[in-house]
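> Using the sequences plus the hints, can you model the full thing?
Position one of the sequence shown corresponds to residue 1 (the numbering used here), numbered consecutively onward.
Hints in this document: simulated from the structure, not taken from any laboratory.
One thing to keep in mind: the hints can contain errors.
[Stated by the list, open to error] Taking CB as the label site, the calculated pair distances span:
no.	residue 1	residue 2	range
1	Thr259	Ala47	52 to 58 Å
2	Asp13	Ser70	18 to 24 Å
3	Ser289	Pro212	24 to 30 Å
4	Thr192	Thr259	20 to 26 Å
5	Tyr69	Leu201	38 to 44 Å
[What the hints assert, rightly or not] Using 25 Å as the maximum straight-line C-alpha spacing, the simulated DMTMM-like pairs for lysine to aspartate or glutamate come out as follows:
no.	residue 1	residue 2
6	Lys169	Glu14
7	Lys148	Asp177
8	Lys105	Asp13
Positions of the beta carbon are idealized from the N, C-alpha and C atoms, including for glycine.
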Amino acid sequence: YNAIRTVMTCTDDEAIFSDKGVVKAWESKNGNIAEINLLLINLLNKAEIKAMPVLLSSRDNGLVNMTYYSETQFNNLMVYVPMEKEFLILDATDKISNYRLTPEKIVNTSGFVVDGESSKWIDINDVNHKYQVVVALQGVIDDKGNMKGECAINCMDYARKQRLEAFAKGADNFKQDYFIKPYPAVAIEEVTFKNIEKDSLPFSQKITYSYPLSNSGDYFFFNTNLFNDFEKNPFIENDRQTDIDFGYLQEYLFYGNFTIPEGYVFEALPENVSMTMSDKSIQFTRIMSQANNVLNIKINVDFKNFFYPSGNYVEFQEFYKKLLNSLNDQIVIKKKA
Numbered sequence: 001y002n003a004i005r006t007v008m009t010c011t012d013d014e015a016i017f018s019d020k021g022v023v024k025a026w027e028s029k030n031g032n033i034a035e036i037n038l039l040l041i042n043l044l045n046k047a048e049i050k051a052m053p054v055l056l057s058s059r060d061n062g063l064v065n066m067t068y069y070s071e072t073q074f075n076n077l078m079v080y081v082p083m084e085k086e087f088l089i090l091d092a093t094d095k096i097s098n099y100r101l102t103p104e105k106i107v108n109t110s111g112f113v114v115d116g117e118s119s120k121w122i123d124i125n126d127v128n129h130k131y132q133v134v135v136a137l138q139g140v141i142d143d144k145g146n147m148k149g150e151c152a153i154n155c156m157d158y159a160r161k162q163r164l165e166a167f168a169k170g171a172d173n174f175k176q177d178y179f180i181k182p183y184p185a186v187a188i189e190e191v192t193f194k195n196i197e198k199d200s201l202p203f204s205q206k207i208t209y210s211y212p213l214s215n216s217g218d219y220f221f222f223n224t225n226l227f228n229d230f231e232k233n234p235f236i237e238n239d240r241q242t243d244i245d246f247g248y249l250q251e252y253l254f255y256g257n258f259t260i261p262e263g264y265v266f267e268a269l270p271e272n273v274s275m276t277m278s279d280k281s282i283q284f285t286r287i288m289s290q291a292n293n294v295l296n297i298k299i300n301v302d303f304k305n306f307f308y309p310s311g312n313y314v315e316f317q318e319f320y321k322k323l324l325n326s327l328n329d330q331i332v333i334k335k336k337a
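Here you go:
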């Protein structure tokens with residue numbers, strides 16, 4: 001897998017046939033997605049690892065009609081590797097993901113394994129991998145209302161893939177899109193990155209920041225909803241005709257630690273929150289604990305489904321609105337009398 005994806009360049013990421021043959025593709029070190037994955041199948045079979053083509057339709061291309069199907073419905077050819085209790089789907093055009101991560105564009109869809117008389121349909125469900133983000137935010141506030149701190153962000157599985165694809169377009173653009181534009185009130189002083197090339201480890205980002213708090217008289221206000229993918233609500237339309245298909249499960253963990261200056265106290269803190277959709281498909285919890293001049297926050301947002309039908313949109317939208325409102329609750333501190 002690594003040998004093929006390291007040396008081959010993909011010229012067309014939507015193909016189920018070879019244009020020039022795998023031999024010429026190998027000689028030129030480029031080819032379409034079908035040619036590159038057929039190369040991988042050949043190598044695996046020569047290594048006595050059973051592998052065969054699987055025809056797929058990417059999520060953008062639409063679902064395949066499994067009753068009245070034709071080759072024109074498919075736009076991807078990947079690699080099916082059966083194992084004792086499960087199977088792997090490999091795409092050797094993906095230069096970022098670990099081989100155990102089901103390719104993002106076809107995860108939780110169906111595919112047709114091409115294996116002569118044993119050809120069959122398979123459901124490509126993946127409950128072991130998620131879009132997972134873990135944020136650890138630390139801030140220290142001085143008596144002038146300036147917060148300085150650090151934030152460590154670890155992105156796993158599909159979050160790792162998406163962020164590294166954005167990072168590959170340029171580190172400066174990445175910083176702008178993820179840390180600067182979404183948070184205009186925060187000054188980003190430095191961003192460092194780790195595990196860019198290590199596909200079995202989280203993509204780590206470490207931020208040094210400063211944040212001038214809003215104030216009114218002896219009161220200062222700050223928002224802890226920083227660097228966690230929830231800066232805006234994408235579900236603001238009251239009517240929706242199409243289903244919501246995230247493609248994968250999602251989980252967000254946020255840990256916050258905030259120290260306020262001597263001579264200040266926390267005003268009444270927002271309450272701890274625990275919310276669940278009626279079908280338990282989304283769960284949100286927020287726990288706050290205060291000890292002297294230190295506030296600790298733990299937040300968990302867990303999407304247990306990847307697909308939400310349009311018929312449930314009213315409840316979904318209301319839940320998402322309450323979720324964003326809770327995440328954006330202000331923390332208030334005031335000077336002791």
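> For which of the previously enumerated hints does the structure constitute a violation, in increasing order of number?
Checked against the structure, no hint fails, so every one of them is satisfied.
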